[in-house]
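Protein chains: 2
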Amino acid sequence: MLKNLNRVKNSKLHDLIVSAEEAASWIQDGMTLGLSGFTRAGDAKAVPLALVERAKKETFKVNIFTGASVGSDIDKLLSEAGIINKRLPFQADATMRKHINAGDHLFVDQHLSHTSELIRNGVLPTVDFAIVEAVSITEDGMIIPTTSVGNSATFVTHANNIVIEINVAQLEEFEGLHDVYEPAPQGENRKPIPVSSVGERIGTIGIPFDASKVKGIVFTKYTDSPSTIVPPDEETKEMADHLLAFLREEVKAGRLTEKLAPIQAGIGSVANAVLHGMIDSEFKNLEVYSEVLQDSVFDLIDAGKVDFASGCSITLSDEKMKQVFDNFDQYRDKLVLRPQEITNHPEVIRRLGLISINTALEFDIYGNVNSTHVCGTKMMNGIGGSGDFARNAKVAIFVTKSIAKGGNVSSIVPFVSHVDHTEHDVDVVVTEQGYADLRGLAPRERASLIINNCVHPMYRDQLSSYFVEALSRGGQTPHILEKAFSFHTKFAETGTMLDKEESLA
Amino acid sequence: MLKNLNRVKNSKLHDLIVSAEEAASWIQDGMTLGLSGFTRAGDAKAVPLALVERAKKETFKVNIFTGASVGSDIDKLLSEAGIINKRLPFQADATMRKHINAGDHLFVDQHLSHTSELIRNGVLPTVDFAIVEAVSITEDGMIIPTTSVGNSATFVTHANNIVIEINVAQLEEFEGLHDVYEPAPQGENRKPIPVSSVGERIGTIGIPFDASKVKGIVFTKYTDSPSTIVPPDEETKEMADHLLAFLREEVKAGRLTEKLAPIQAGIGSVANAVLHGMIDSEFKNLEVYSEVLQDSVFDLIDAGKVDFASGCSITLSDEKMKQVFDNFDQYRDKLVLRPQEITNHPEVIRRLGLISINTALEFDIYGNVNSTHVCGTKMMNGIGGSGDFARNAKVAIFVTKSIAKGGNVSSIVPFVSHVDHTEHDVDVVVTEQGYADLRGLAPRERASLIINNCVHPMYRDQLSSYFVEALSRGGQTPHILEKAFSFHTKFAETGTMLDKEESLA
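Protein chains in written order, with this note's numbering: chain C, 1468 to 1972; chain A, 1468 to 1972.
If you are wondering where the hints come from, they were derived from the structure by calculation, not from laboratory data.
One or more of the hints may lead you astray.
For chains that are exact copies, the list does not tell them apart, and a pair is met inside one copy or across any two.
With a Cα cut of at most 30 Å, we get these calculated DSS-like pairs of lysine-lysine [claimed, not checked]:
{"no.": "1", "residue 1": "LYS1553", "residue 2": "LYS1719"}
{"no.": "2", "residue 1": "LYS1967", "residue 2": "LYS1553"}
{"no.": "3", "residue 1": "LYS1950", "residue 2": "LYS1553"}
{"no.": "4", "residue 1": "LYS1751", "residue 2": "LYS1801"}
{"no.": "5", "residue 1": "LYS1751", "residue 2": "LYS1658"}
{"no.": "6", "residue 1": "LYS1967", "residue 2": "LYS1950"}
{"no.": "7", "residue 1": "LYS1950", "residue 2": "LYS1868"}
{"no.": "8", "residue 1": "LYS1967", "residue 2": "LYS1872"}
{"no.": "9", "residue 1": "LYS1772", "residue 2": "LYS1658"}
{"no.": "10", "residue 1": "LYS1553", "residue 2": "LYS1957"}
{"no.": "11", "residue 1": "LYS1680", "residue 2": "LYS1565"}
{"no.": "12", "residue 1": "LYS1967", "residue 2": "LYS1868"}
{"no.": "13", "residue 1": "LYS1719", "residue 2": "LYS1528"}
{"no.": "14", "residue 1": "LYS1719", "residue 2": "LYS1680"}
Because the structure is a prediction, the values reported are computed rather than measured.
Construct the complete structure from the given sequences, taking the supplied hints into account.
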């Protein structure tokens, strides 16, 4: 391991340099760890991996708090090692998902802007060890994060002990990329969060810390895991076209200009494809105020379409990582990384008036959205920041393909099997079939529009029948409760949501 | 009608004084009206009532936008007259409710902080006539509202025409009570909303307006409808005790002081009773940052418990109205009324760190809350501000009696029949049985706690059985979808949610 002491500019800290194994040995059964990491970027790697090694010989459990999902298979390995008691606020690992759904460990699915308040207010268990990845420590005592900020500042400020992973594989040139701001406790000491434009800087270039809490500094050399984005396909391209059509209507109506409004796009292939669709559009001088900055954001910067991008992490494919990080000076003045409390803060989202684009697992005929639970029970990833954005955005858009599993699943159902975003928070839904603009519509109006515009033709009659029968019972939001989950139960029993007659037709 | 011209201090406007009938005659089929009024307080009365009269001889329909619910039977009469096309964002009238659920007219149930953004952004139809109640018009051109502010400022600013109802039954002394602030459009011109403490004033004492848009001024003399609050009963007192016990635990844990945090309490008898419970508590120097200021807030002021109350309206019983308004100088410096966009703004709610107390219709074993739809279909009142507060509060509390309809309905069900507040937004649930503090808990943990602490004993086994069976299927949020609404469907079929064996036992 290359111990590049220049990365720790405050030389008083040099004595604290230890191996990952030693740092991992300090962690005791029942402790709570606050790990850096947001959407596979900037995660603490060496100490968690050493902890997994330790678990081969010892029995213990810890709570794992992070920014969001982490890479380097850390969630997989922690889960397999059986050392997790509670995990929050987000994950996106296939193995961990299995363990969560089997009840092997607990998972608390939180709005990504909420975790830091809960820690600050002493509601969650005290963080025993903040373990955060850094490119360097400055002479005046600041941790310079790597490719994400996440909840690291909150962890560092409120933890009893701090371990810093200096990752020499991450660019020292990231110094100056970040803008770290931690709000005061709620109440009269808290001031407005002064972000009034996408690129505005309000904080410090790194995370200030109490040097007496630093227990160890570990040198590492691991690259971030590349993103797992699938390239756009025919259907995601169609969705992008529908979304662009909607945006054009907004411009025509005078509600947006060709600059649009700052864009947030959730992680995932669909949102990525939708952003990609903007490259060849007439829209220009765009700004991004998002959580994760994916390939498409940099493609838009490269295409001269995006002037500035504010995010919480940079999560790229292998190829794009090489391009961006090898030429970082070209991007530096167009980027800022902020804590997730600031990227996702209702105050800032509402002030800036974002266009928010997130992925739905399923939505219902009245516009309620399920982002998290497969068939109402099994956790996929978590709500992430979608709630922070959808509730407060100027336009909250949810996208999904109209069918899944070769047509055996309709993504539009009578009643979503889990509600993450209510009818009050969903403005526009988009599938490859079309879009439905639900703003200002009553539930009965929404149902007709969704069925006509978004549902796959193979499910249109089935959903229409449900709606017509429900209408006969009346109500603000007509439903037949005994049939509300009939699509899901039919799928569980027969492997398809499609009515038998329909399948034969 | 007493035309007290002193109430219109800008004498250039005196020529515009007309009868309510004449003002009502200007309204044309298809128009959108923005009426003042929030929780039965400060509603425009004369012109809407004249419009109802006109409907006896003419056929027309209009959209009715308000702050929230209105009094003086206006919603009832408008509904009965059959002249509503669309109504938003809230209502609480028994007759209107019937018409909504029958599909006679459309109702859009919105977060109370959202309507003004939608109007400002041109998403909702343009308001043709803003019709707002005032105590006076100042010489320098401001409308001084009466007992509520609601959406009046937004309506006045964005409407094509303005009609002002000068209500001489409302105290001229209200001048100085209000603090009117309208945010700039979303984007770079919008600045932080500078409310950093409950009593901070940030705006003007009245609503500025474009005099050229004023089409008419109508003199009226109607008192507000009194509140319909039911006095505390044994069960609401028990709920108040549980809530106080929770707050004491928070103080013990160092998360709150005896000043607590600014309190928001939703309208309704339960929330009112809970506030009443604070009169004899040790808590003191309390502050209220709420929507509606009910009897209990003034009782707390009278008891020296509340130092300051910020609201959007003052809605009192007949008796309390007399006491407060006859002695208004005693209360003046402890009160401010703000637009609902500011009382309910996520930015301010989160900054101040409120304790938010709202009423649930039902909640489920995982902590999702239904605030609006009886048996998933029939609208009760609307979500009101509960979403604005619950999502952003420091502590989001929902209260409800554990059973209703003589025990035939359990307010705790396997799966709520409509979701207004998701598991991500609900911190504490309280019934007369006890409270469950859900913060930081995974769904499986929440279910046990809710069943043990909040469910009525007559339903405990039935909900436990559901949970145990659901656990056997696994998942982050275990459910048996085919039985998820079994409580509701059983009630629809048999008149009780109770299992037969249980009822016999």
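Verification of the hints:
no.	hint	verdict
1	LYS1553 to LYS1719	between (49 Å within a copy, 25 Å between copies)
2	LYS1967 to LYS1553	neither (43 Å within a copy, 39 Å between copies)
3	LYS1950 to LYS1553	between (35 Å within a copy, 29 Å between copies)
4	LYS1751 to LYS1801	within (15 Å within a copy, 50 Å between copies)
5	LYS1751 to LYS1658	between (34 Å within a copy, 24 Å between copies)
6	LYS1967 to LYS1950	both (16 Å within a copy, 23 Å between copies)
7	LYS1950 to LYS1868	both (23 Å within a copy, 28 Å between copies)
8	LYS1967 to LYS1872	within (17 Å within a copy, 41 Å between copies)
9	LYS1772 to LYS1658	between (34 Å within a copy, 26 Å between copies)
10	LYS1553 to LYS1957	neither (33 Å within a copy, 37 Å between copies)
11	LYS1680 to LYS1565	neither (36 Å within a copy, 63 Å between copies)
12	LYS1967 to LYS1868	within (22 Å within a copy, 44 Å between copies)
13	LYS1719 to LYS1528	between (57 Å within a copy, 28 Å between copies)
14	LYS1719 to LYS1680	between (57 Å within a copy, 27 Å between copies)
Hint compliance for this structure: hints 2, 10 and 11 are not met, and every other hint is.
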